[in-house]
Amino acid sequence: MRDTPLKRKPVILIIMDGYGLRKANIGNAVNQAKKPHLDAFMHDYPMTTLAASGEEVGLPEGQMGNSEVGHLNMGAGRTVYQSLTLINKNLKDGTFFTNEHYVHAIKKAVETGHKLHVFGLLSDGGVHSHIRHILAMVKMAKMYGVGKDQLLFHCFLDGRDVGMQEAPRYLAALEEEIAKEGIGHIASVHGRYYVMDRDKNMDRVDKSYRVMTMREGNKFTDPIEYVKSQYASLPESGKEPSDEFVIPAYNENVDGTIVDGDSVIFMNFRPDRAIQISTVITNPYFYEHPALKDDGTPAYKAYVPAVALKDITYVCTMKYADSVKGEIAFALPKLTNTLGEVLANRGFKQLRIAETEKYAHVTFFFDGTVNYDGVEKPELTGCRRVLINSPKVATYDLQPEMSAYLVRDALIKELDKGDLDVVILNFANCDMVGHTAVMPAVIKAVETVDECVGSILDWCDKNGGTILLTADHGNAEQCIDDNGQPMTKHTTAPVPFVVNDKSLKLRDGGALRDIAPTILDLLGTEKPEEMEGVSLITK
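When the sequence shown is numbered by the numbering used here, its final residue is 1391 and no position is left out of the sequence of numbers.
Calculated from the structure, these hints are not laboratory results.
Note that CB positions come from ideal geometry on N, CA and C, so glycine has one too.
Be aware that one or more of the hints could be misleading.
Stated by the list, open to error - List time: in silico DSBU-like cross-link candidates among lysine-lysine, alpha-carbon distance up to 30 Å:
#: 1; residue 1: K941; residue 2: K1201
#: 2; residue 1: K1244; residue 2: K1091
#: 3; residue 1: K1314; residue 2: K1296
#: 4; residue 1: K1296; residue 2: K941
#: 5; residue 1: K1145; residue 2: K1269
#: 6; residue 1: K1177; residue 2: K1229
#: 7; residue 1: K1391; residue 2: K861
Claimed, not checked - Estimated spans, in silico, between C-beta atoms of each pair:
#: 8; residue 1: L1250; residue 2: N1335; range: 19 to 29 Å
#: 9; residue 1: A1024; residue 2: S1085; range: 14 to 24 Å
#: 10; residue 1: L1250; residue 2: I878; range: 19 to 29 Å
Kindly produce the complete structure, drawing on both the sequences and the hints.
Right under this line is the structure:
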């Protein structure tokens, strides 16, 4: 425990989600934006760049980074080997096919004659899932004797972590594998906007749920032709012709209905966008009584599915949430002595603040996938958490400011209390608007973040404090791909790291894992031995 002054000078980590660095100007919203505060900050103060993708953050070589991975590495202070890397290893050595939880769900279907349903985001984006793992399920189901018509694939379509209209290619690959093994059918398709919502927009989830459990909604005989028809009709409803927004639909030639007693294997390994649909299936009354906001109103509209399923054998590839009742196929090693833990144990006061879209990242992921919310785990001593609601809009290009100004104002209110040592802050705009690839909106998102960072700089100039400005991965710096098409996915670009102290020197060759040791260095306290990262400060 250290002695603390009455008026602290906080270390403020500002994470500009999705703000990568790239020289080319074409399609580069970061370069094209008018951002006087960021430009001056990066010019006037010590700056370096950090690796935020591939092996440096525990992903396969060349794999783009993402928000989950970025915040895990930042908070852990070490390279955190990711779910994708773990599952790829199991697939390569063959232990994937003997995983006891997958095997249990498959054998249950074989023994009872019930259906085996496979969920998953059908793409090779590698952020939430990988098509390689989904294709392996065709072979695995056949190995254990699942019948030809028992195996049903419910394909969630991407359009964000890959190109906007890649689904036909991925669906064709799955159809080819099904034909090769002689087992299985594509039972339904769903744009991720619906089935993978994470913001309690239960009306979206309900569209997918009804398709899978009631055969209610759009239907098709050919999934690829249906998706292509959606590209033509989506603009009429004001949405981009993207896989993300494909309206959920079922195959009218296949009985893919999920019923009591069936088995479900969900191949997504990233939890946040798998939680709601999984909870509705396995814990149908969970959303019946919403938590209340500070003003006493419900945090979201109460929801109970029209059909409440029973006796579902449900397997999550990784842990999603305590609200999901099922088995967990894979688990990563537990992380100890993360930055949040170290700060709490040594008496430092900290704040986590973000809007809804990135709140889990500055809490759950930053803390090594531990939820110190006072329910799952006791709250970290001396840690305050501030959640600002994200705006309820169909897509964030319609409101590129999102809730950034509210986040900024709430932060300054907290800083004015004068009791904080460390702040972990996320501005979501560059990433969430970047996923739309609507250039004017992405430029506005960057400019919004610039304005907010400027306000925080002003506060520090008046009151004292150290700002560490960085990002978790790239996105907004490339909104157009090499073929001139909109690019909605993340990139492998490096990210900035800037400190507002001209007396310091920063080294090159760093990665996101080095941020936590740098913060501890600035606080004058030793990093724990678990942290393999090295402070970026050389003087």
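Against the structure, the hints come out as follows:
1. K941 with K1201: 40 Å, violated
2. K1244 with K1091: Given pair K1244, K1091 holds - Cα atoms ~15 Å apart, limit 30 Å.
3. K1314 with K1296: 27 Å, holds
4. K1296 with K941: Roughly 41 Å between the alpha carbons, so the hint for K1296 and K941 is violated.
5. K1145 with K1269: Given that 30 Å is the threshold and the Cα spacing comes to 23 Å, the pair holds.
6. K1177 with K1229: 18 Å, holds
7. K1391 with K861: Within the cut-off at roughly 20 Å; holds.
8. L1250 with N1335: 19 to 29 Å: Holds, at about 26 Å.
9. A1024 with S1085: 14 to 24 Å: 21 Å, holds
10. L1250 with I878: 19 to 29 Å: Holds - the Cβ-Cβ distance for L1250 and I878, about 24 Å, lies within 19 to 29 Å.
In this structure, the earlier hints numbered 1, 4 are contradicted, and the remaining ones agree with it.
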